[in-house]
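Asker: Each chain, written out:
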Amino acid sequence: MTAYLIAMAIVALIYMLLTIGLNLQYGYTGLANFGHVGSFAIGAYITALITTNGGFAYVSLPASVLGAALVAWPVALLSKRLRTDYFAIATLAASETLRLAIIEEDWITNGVHGITSIPNMSVALGLDVDPNILILTLLIAANLLAVALITRMVKSPFGRTIEAIRDDEDAVRALGKEPATFKVKVFVIGAGLAGLAGAFYAHYFSYISPEQFLPLITFYVWMAMILGGTGSILGAVAGSLVLVLFLEGSRFVRDILPGVTEVEMASVRLFVVGMALVLLTLLRPQGLMGDFRKR
Amino acid sequence: MILSLSHVAFAFGDFRVLDDVSLDVPPKEIVGLIGPNGAGKSTLFAVTSGFEKPLAGTIMLDGRDITHDGPVARARAGLGRTFQVPREFRHLTVRENLLAAAPNQTGENLLPLFLSPRRVREEERALREKVADLIAFLNLTAVKDTPSGSLSGGQKKLLELGRVLMGDPKVILLDEPFAGVNPVLIDSLVDRIRELNAQGYSFLVIEHNLRALSDLCSTMHVMDRGAMIASGAPSAVLDDPKVQEAYMGGVL
Amino acid sequence: MDFALFANLAFNGLIEGAVIALPAVALTLVFGVMGFPNASTGDVMTAGAYAAQTGQIAMAGSIVAGVIVGSVASALLALVFYLCVFRFFQGRPSMYALVASIGLAFATRSTLTFFLGYDQRVFPIPLTRAFSFGPLRIVPSDLYILATSVGAIVLVFLLLYVTPLGRRMRAVADNPDLARSCGISSHRVLSAMWLIAGAVTGLGGILFGIKTVITPLMGWEALLPAFAAMILGGIGNPAGAIAGALTIGIAQELSTPFVGFTYKIGVGFAIMVLALVLRPSGLFNLSARVR
Chain D
1 MTAYLIAMAI
11 VALIYMLLTI
21 GLNLQYGYTG
31 LANFGHVGSF
41 AIGAYITALI
51 TTNGGFAYVS
61 LPASVLGAAL
71 VAWPVALLSK
81 RLRTDYFAIA
91 TLAASETLRL
101 AIIEEDWITN
111 GVHGITSIPN
121 MSVALGLDVD
131 PNILILTLLI
141 AANLLAVALI
151 TRMVKSPFGR
161 TIEAIRDDED
171 AVRALGKEPA
181 TFKVKVFVIG
191 AGLAGLAGAF
201 YAHYFSYISP
211 EQFLPLITFY
221 VWMAMILGGT
231 GSILGAVAGS
241 LVLVLFLEGS
251 RFVRDILPGV
261 TEVEMASVRL
271 FVVGMALVLL
281 TLLRPQGLMG
291 DFRKR
Chain U
1 MILSLSHVAF
11 AFGDFRVLDD
21 VSLDVPPKEI
31 VGLIGPNGAG
41 KSTLFAVTSG
51 FEKPLAGTIM
61 LDGRDITHDG
71 PVARARAGLG
81 RTFQVPREFR
91 HLTVRENLLA
101 AAPNQTGENL
111 LPLFLSPRRV
121 REEERALREK
131 VADLIAFLNL
141 TAVKDTPSGS
151 LSGGQKKLLE
161 LGRVLMGDPK
171 VILLDEPFAG
181 VNPVLIDSLV
191 DRIRELNAQG
201 YSFLVIEHNL
211 RALSDLCSTM
221 HVMDRGAMIA
231 SGAPSAVLDD
241 PKVQEAYMGG
251 VL
Chain B
1 MDFALFANLA
11 FNGLIEGAVI
21 ALPAVALTLV
31 FGVMGFPNAS
41 TGDVMTAGAY
51 AAQTGQIAMA
61 GSIVAGVIVG
71 SVASALLALV
81 FYLCVFRFFQ
91 GRPSMYALVA
101 SIGLAFATRS
111 TLTFFLGYDQ
121 RVFPIPLTRA
131 FSFGPLRIVP
141 SDLYILATSV
151 GAIVLVFLLL
161 YVTPLGRRMR
171 AVADNPDLAR
181 SCGISSHRVL
191 SAMWLIAGAV
201 TGLGGILFGI
211 KTVITPLMGW
221 EALLPAFAAM
231 ILGGIGNPAG
241 AIAGALTIGI
251 AQELSTPFVG
261 FTYKIGVGFA
271 IMVLALVLRP
281 SGLFNLSARV
291 R
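Protein chains in written order, with this note's numbering: chain D, 1 to 295; chain U, 1 to 252; chain B, 1 to 291.
Hints in this document: simulated from the structure, not taken from any laboratory.
For clarity, every value in this text was computed on a predicted model and none was experimentally measured.
Heads up, the beta-carbon is just placed ideally off N, CA and C, and yes, glycines get one too.
A couple of the hints might just be wrong.
Unchecked claim - Have a look at the derived ranges for each label pair, beta carbon to beta carbon:
(1) B:T163 - U:F12: 25 to 35 Å
(2) D:T137 - B:L83: 47 to 57 Å
(3) B:L278 - U:G149: 28 to 38 Å
Input sequences plus hints: build the corresponding full structure.
Answerer: Shown next as structure tokens:
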């Protein structure tokens, strides 16, 4: 039971990093990122490639963050020219193109077969401790750090300006501030967090393949963010907990109903996510537009 | 001249919106701009503040050619503007709106934010004092911690004026500052503008409320169908038959 | 340079473009009138294809009956989406409807996979021999696909530009408030528009299924190229969307010898992003609009 709770906590903490990053991008700045899973994939693949070739996690973790941030940078530049919904489509296209590249460039990524035997956290750090406890500890530390960092950012003049950008970009321009500089920074930081999440994901599951990085993951994270309410860090934390409870809970349901196959259960899960997105936007629109915030 | 437009032209596709428009704002003066709906007044503001690119003509701000600058560069050069429909940062409180409008804050950059927190804190303290004074000046004290999205139309207009003032601009363009504002508040808004003018601010004001505007401004320009049709002292301009014809179909 | 190869690729691209043109027209109609990119379009295509295939088998193998069943089913599905969901987002930021449309896409796809599984399906139509036409090797079914697509598009254009319904629809698109004050029931007009958009979308899915195979992901995969076509053509411009679809279809096919099959879709995305950055009003949007 403890092992199971630890496993759940690890997955929840990985989603939490993703949700905190997306919340900074969309919740605070209005950057609709539909390609979040792309940054997640880059982090996972960089870590997998470095550590399966003998590199240590001391190198691969920072490399995953920097790599995801670096790849996100040109995509971030698009936000200068595109309105919210176009930017959303462009980022979705970018993450799908990246997935195609992972499939196609098999000389480096092993294509659809994926990368196996990624060392666990203990091996990757060269420490003689329980890998699950270690990764859990590191994930807690990473999340605390991310929350601290982002709280400092959003409760500062920087945070005020990105929220102003979300509310009205042209008015920000009329005040002599260039929204693009802020948007690029925010997008790249959110991508870096997703890259870190990807690194932990690779170590924890020890196997990654392109089909783990479908756009569905992006929308899991959107669901968690909307559930918790945009523009709220605690909301992001709560939302990802609910998300993982749901994803895991759906496994329990299958154990209780023996007639349901895993394939059917995947359909049910997708249906629930879809209906949740519909109902949340219909019935709890504050979740999407940050009107929930207490000041 | 603090602001000078000469021979400005602009078109949406094939549709000419501005045709050879010239206009000057002398220092420390309030200049009015009137004209029927669709005359091109707001487009002239958009072109002046850099949100639209003119097809022809030059725009000078305090002796500097800003024709080819974007809206951000123009704002930094000292051109402040408000919008016809108020564009408050609706999730931010009145105070946060004004704080966000302050230019060149150290804490807007991430490195100093984390590396020199003390400097950020001190700057923020000074800024808060400045904002508190401004809130008192604008009579917004009662709503200073209210999210600006829930303010009345008049309060939003005041807030936008306050945001512009935070940047200490050389000239302020006001787009219909009295539209949708209740009459009591209009008087206080007029007082504020006069007071600012006495402090040395120059204004260019678009307005449909001719009574309030002619009280306020020293020079008035009239636009119709994209062209300037009359300029001069308010009383003379309003008596001009051409203006009466264009503006009100002859009834003024 | 192998001329025959490129001629055949271009022809194939033309057919693919003609198929993508259908969802692209539906997307651009909805975007023009409702103001949001409808991400459920792809999965409505899939639903149309499955309904048509099921209908065809039920109707003793008649493909015409299948096409009718599929188009009607997807038209009704789109109408239900409008009545139950999208109509509540009018006048709200487009992100609401966009996120909800993603949700509807997932709900549609998961319903299909729950009941029908993930297996590929094909339309039971007789195989026909390809014939040569100059350098081209043409499969007759491709010609039927092309003809059906052209026919559907002509019908939509007649509806939009000749009938009173189309005039009302464009009035609502231009200015909903003004249209309402002129006594046009925007609710009725919008319902009609969603029926048309849904039928066209479903037909796109059916033709796509005839050209290749029916899979649960086929529509989602067609969504981004259809978006790209819409953006290339300029939002709310059906003729532009068709031109955009043909451009993307042909460009994708012609690029395969150089970039490989996998990146073919990436070429479509690249064109879209370039179009967005260089000319957000659309490459084929020749009539400059005052907006």
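Asker: Looking back at the numbered hints, which does the structure fail to meet, lowest number first?
Answerer: Checked against the structure, no hint fails, so every one of them is satisfied.
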